[in-house]
Amino acid sequence: KTDYRAYDRNDRQVRWYDFREKGVGLNRNNALLRATGDICILADDDITYMPDYEETILRAFRENPGADMILFNIQSLPGEHRYVAKRKHRVQQHNCGKYGAVRIAFRRMSVIKNAICFNQLFGGGSMFTAGEDTMFIRDSLRKGLKVIAVPDCILKLNDTRPSTWFTGYDRKYFEDMGSSYYYHFHCLAVPCLVIQLIKRRKTLLQEMSFFQALRYMIYGVNKFRKI
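Heads up, the sequence shown is in the numbering used here, so the first residue is 1 and it goes up one at a time.
Worth flagging that the hints you see were computed from the coordinates, not collected in a lab. The structure displayed is predicted, hence computed values, not measured ones. Note that CB positions come from ideal geometry on N, CA and C, so glycine has one too. Do not rely on the hints blindly, as some may be mistaken.
[What the hints assert, rightly or not] Ranges of calculated distance between the beta carbons of each label pair, as one might list FRET restraints: (1) Y219 <-> G125: 18 to 24 angstroms; (2) E21 <-> L205: 33 to 39 angstroms; (3) G125 <-> K88: 32 to 38 angstroms; (4) L205 <-> T48: 21 to 27 angstroms; (5) G66 <-> F211: 23 to 29 angstroms; (6) N222 <-> I112: 30 to 36 angstroms; (7) D8 <-> H89: 35 to 41 angstroms; (8) S163 <-> H184: 20 to 26 angstroms; (9) L188 <-> K143: 17 to 23 angstroms; (10) L33 <-> I198: 37 to 43 angstroms; (11) H184 <-> R9: 34 to 40 angstroms; (12) F19 <-> I198: 39 to 45 angstroms.
Please put together the full structure from these sequences, using the hints given.
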């Protein structure tokens, strides 16, 4: 049901909204429209923030006053291989695909005044099941926002539930990957997909052949083009 309540917790005010609609992008846009803080972060239900996460984030923005968005590290689960920033660096179009939404902290006014939001076709509960976080970062870069990555860690993942969108490297995964790449690269989507299949073949091609996966990717490209 649709609901709203406000309460105090640890000397902070919590404003809690419930909506009938599903979709990660839609829910994050709803939160963004109602946020009031200078700096925003994007939580999820399978993470735990480090005890000093707030000070870590605020310090990063104080030390980088020109940054509109800062991407942080995650303490991954055993056996996971997530990208770890070893030093502070500028994030650009070519290297922004390594970061999930929970890594992102951003200046709210920088995003709002540039009319940046989450694509509601992508993400859990949407037509295409993933990719909305990379699109949010890339759209910010396209609008001229300064995005940096820092080596500080602000949260850890909890092994508490299965993924809400990843069910294996199956047909749905490759179709959605094709749709996502067309959003990012347009006419260069297919060459970029071929490169990714070659580079990540040991990971991606566990359940099907190269050409079968590419065929599903191209189907995803065409599906998004027809929307």
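Now for the hints, and whether the structure bears them out:
1. Take Y219 and G125: their Cβ atoms lie about 22 angstroms apart, and the range 18 to 24 angstroms holds.
2. One distance hint, 33 to 39 angstroms for the beta-carbon pair E21 and L205, holds here, with the actual separation near 36 angstroms.
3. Taken as a hint, the range 32 to 38 angstroms holds for the pair G125 and K88, whose Cβ atoms sit roughly 34 angstroms apart.
4. The supplied range of 21 to 27 angstroms is broken by L205 and T48, whose beta-carbon atoms lie about 34 angstroms from each other.
5. Under the hint 23 to 29 angstroms, the C-beta atoms of G66 and F211, about 46 angstroms apart, miss the expected range.
6. Between N222 and I112 the beta carbon distance is about 34 angstroms. The supplied range of 30 to 36 angstroms therefore holds.
7. For the hinted restraint 35 to 41 angstroms between D8 and H89, the CB-CB distance of approximately 39 angstroms keeps it satisfied.
8. Taking the beta carbon of each, S163 and H184 are about 22 angstroms apart, inside 20 to 26 angstroms as hinted.
9. Our hint of 17 to 23 angstroms for L188 and K143 holds, since their Cβ atoms are close to 21 angstroms apart.
10. The given range of 37 to 43 angstroms is respected by L33 and I198, whose C-beta atoms sit roughly 41 angstroms from each other.
11. The supplied range of 34 to 40 angstroms is met by H184 and R9, whose beta-carbon atoms lie about 39 angstroms from each other.
12. Hint check: F19 to I198, Cβ distance near 42 angstroms, so the stated range 39 to 45 angstroms holds.
When each numbered hint is compared with the structure, violations occur for hints 4 and 5.
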